[in-house]
Structures are given as C-alpha cells and as structure tokens.
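Participant: The whole structure should be built from the sequences, with the hints applied where relevant.
Line by line, the protein sequences are chains C and A. Residues 1 to 113, numbered by this note's numbering, are exactly what the first sequence covers, in order. Residues 114 to 229, numbered by this note's numbering, are exactly what the second sequence covers, in order.
Calculated from the structure, these hints are not laboratory results. Careful, some of the hints might be misleading.
[Said to hold, decoys possible] Cβ-to-Cβ under 8 Å is the rule here; a few derived chain C residues that face chain A:
no., residue
1, G43
2, A45
3, I48
4, N67
5, L101
6, T102
7, F103
8, G104
[What the hints assert, rightly or not] Straight-line distance between alpha carbons at most 27 Å, and here's what the computed DSSO-like set of lysine-lysine pairs gives:
no., chain 1, residue 1, chain 2, residue 2
9, C, K57, C, K42
10, C, K42, A, K155
11, C, K71, C, K15
12, C, K5, C, K68
13, C, K5, C, K57
14, C, K71, C, K57
15, C, K5, C, K71
16, C, K68, C, K58
17, C, K57, C, K68
18, C, K42, A, K191
19, C, K42, C, K15
20, C, K68, C, K42
21, C, K57, A, K191
22, C, K58, C, K5
23, A, K155, C, K71
24, C, K15, C, K58
25, A, K170, C, K42
26, A, K155, A, K191
27, C, K68, A, K155
28, A, K191, A, K170
29, A, K191, C, K5
30, C, K15, A, K196
31, A, K196, C, K58
32, C, K58, C, K42
33, A, K170, A, K196
34, C, K58, C, K71
35, A, K196, A, K155
36, C, K5, A, K155
37, A, K170, C, K71
38, A, K155, A, K170
For clarity, every value in this text was computed on a predicted model and none was experimentally measured. Virtual Cβ for every residue (Gly too), placed ideally from N, Cα, C.
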Amino acid sequence: QQQVKQSPQSLIVQKGGISIINCAYENTAFDYFPWYQQFPGKGPALLIAIRPDVSEKKEGRFTISFNKSAKQFSLHIMDSQPGDSATYFCAAYPSGSARQLTFGSGTQLTVLP
Amino acid sequence: EPEVTQTPSHQVTQMGQEVILRCVPISNHLYFYWYRQILGQKVEFLVSFYNNEISEKSEIFDDQFSVERPDGSNFTLKIRSTKLEDSAMYFCASNPRTGLDTGELFFGEGSRLTVL
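Facilitator: In structure tokens:
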C-alpha cells in the first residue's frame, strides 16, 4: 500500500516535444506529491509538487496533473530540451507520519537534440 | 545557497567492515533523513531523525544500521558489519519542518558505498 508505481521506465523524446511520465498510488493517506529530478552523480532535487486539493499545477514548462479519484498523477514537460535529460522520480508523502518520501521507480528521460 | 554536504563521496570497504557516512544538514533544518539508492533502482527510505531520536525507520534499517547526531552539525549513518548488498548510493536529506514547510526534502549529493 506504500508503493508508488511509475511508468515508463525510460523515455526518449525529440527536442521540442512533450515528455509525459505517469504515476499511480494506492495509499489514500498520501497528501503531498512531489517530482524530483536527478542528474547523474547528484542527489534528487525537487522539481515541482502538488497537493490533492488541486488538479493541476504549472511551473514554467513543467506541469503536474492530478486525478484524485483515479489515484494517479503525471508530469508533463513541454518543449523538452536536451538539458532536461535526467532521471525523474515521482514521490508521495503520507500524512500522520514522519513524512518520509516514498519514491517511484524512476524514469530515465533522454531528449534528443 | 545552503546545501546538504556528505562525506565521503565514495568509500570502498571489505565485507564485514564498519562504515560511517557523514552528513552536514542545512543549519536551520530540524528533520534529517537517510535514503539509499541501489544502482539503477529507486530511492528507498531508511530512517528519519528528529530531536535527537529516530522518528521512523524502514525494514531495511535493521540492527546493522545506526544513526547519530554527535554534535550540533553532523548527522552520521553507521553500518556495523557491511554486506555485499549494502553497496549503494546513500543520500542524506534534511527538511526545515517549520510553519513555512513546503514539504521539500533537500538532498545531498550522496556517498557511494562499494562493498567488496
């Protein structure tokens, strides 16, 4: 029940295209859904996050779509750039705990020039 | 910009040896975490620490693991007797958990542990 399932495992997109990564969860106690970006040799860094009281959040080229009833959320990267090439992890925080992040399995995004 | 710093960046050890990984969290943060990432796999929670004690720990965090905040700045992870399967990247993270808490964890760059 603590799992966050992420797909696809890898994604190749042309420069300027849209990258879409999907995640699903089961635990209804999750109440905070961040996306982390990780470059090789670096730690994960927060990219964008959403709470379940909204269905969408946009920051620049990055948008999270959230479907509470389906228990799914997704990351859309518009106008994808080669510099976006990284591993992306969705994650979730459960309420009522020390708020440890549960990570998805990660998506390795490659944006071709 | 304040950051979480970790040392060493890479440690190679023999199976059965003790290892200590060190972290300096961001100075005004109150919650500290250790996560690990086996090569090519997802980031997994190990332990959270607040007010000088463990808040939560995962099934991975067995008796071979311990954490400590020996002074006002360092936060350490000790593995008493390393096993081959402990080979991973270990990330320290911190979180302010104040009224302005956005829920963001700030991660260090990690310490790569290789057990031979």
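Participant: State for each hint whether it applies.
Facilitator: Verification of the hints:
1. G43: Status holds, d = 3 Å.
2. A45: Status holds, d = 7 Å.
3. I48: violated, 11 Å
4. N67: violated, 20 Å
5. L101: holds, 6 Å
6. T102: Given a least distance of 7 Å, the restraint on T102 of chain C holds.
7. F103: The hint holds - F103 of chain C has a Cβ within 8 Å of chain A, the shortest such distance being about 4 Å.
8. G104: Because about 6 Å separates G104 of chain C from the closest Cβ in chain A, which is inside the 8 Å limit, the hint holds.
9. C:K57 <-> C:K42: holds, 26 Å
10. C:K42 <-> A:K155: holds, 14 Å
11. C:K71 <-> C:K15: violated, 30 Å
12. C:K5 <-> C:K68: holds, 15 Å
13. C:K5 <-> C:K57: Distance ~20 Å between K5 of chain C and K57 of chain C Cα, so the pair holds.
14. C:K71 <-> C:K57: Roughly 16 Å between the alpha carbons, so the hint for K71 of chain C and K57 of chain C holds.
15. C:K5 <-> C:K71: holds, 11 Å
16. C:K68 <-> C:K58: Roughly 17 Å between the alpha carbons, so the hint for K68 of chain C and K58 of chain C holds.
17. C:K57 <-> C:K68: Roughly 14 Å separates the two Cα atoms, so the pair holds.
18. C:K42 <-> A:K191: holds, 22 Å
19. C:K42 <-> C:K15: holds, 23 Å
20. C:K68 <-> C:K42: violated, 31 Å
21. C:K57 <-> A:K191: violated, 40 Å
22. C:K58 <-> C:K5: holds, 22 Å
23. A:K155 <-> C:K71: holds, 20 Å
24. C:K15 <-> C:K58: holds, 20 Å
25. A:K170 <-> C:K42: holds, 24 Å
26. A:K155 <-> A:K191: holds, 21 Å
27. C:K68 <-> A:K155: Since the Cα atoms of K68 of chain C and K155 of chain A sit roughly 24 Å apart, the hinted pair holds (cutoff 27 Å).
28. A:K191 <-> A:K170: Distance of about 14 Å is within 27 Å: holds.
29. A:K191 <-> C:K5: violated, 30 Å
30. C:K15 <-> A:K196: violated, 43 Å
31. A:K196 <-> C:K58: violated, 44 Å
32. C:K58 <-> C:K42: holds, 25 Å
33. A:K170 <-> A:K196: The given pair, whose Cα atoms are some 19 Å apart, holds under the 27 Å limit.
34. C:K58 <-> C:K71: Distance of about 19 Å is within 27 Å: holds.
35. A:K196 <-> A:K155: The hint holds at about 20 Å.
36. C:K5 <-> A:K155: holds, 11 Å
37. A:K170 <-> C:K71: With Cα atoms ~26 Å apart, K170 of chain A and K71 of chain C stay inside 27 Å; holds.
38. A:K155 <-> A:K170: Holds, at roughly 17 Å.
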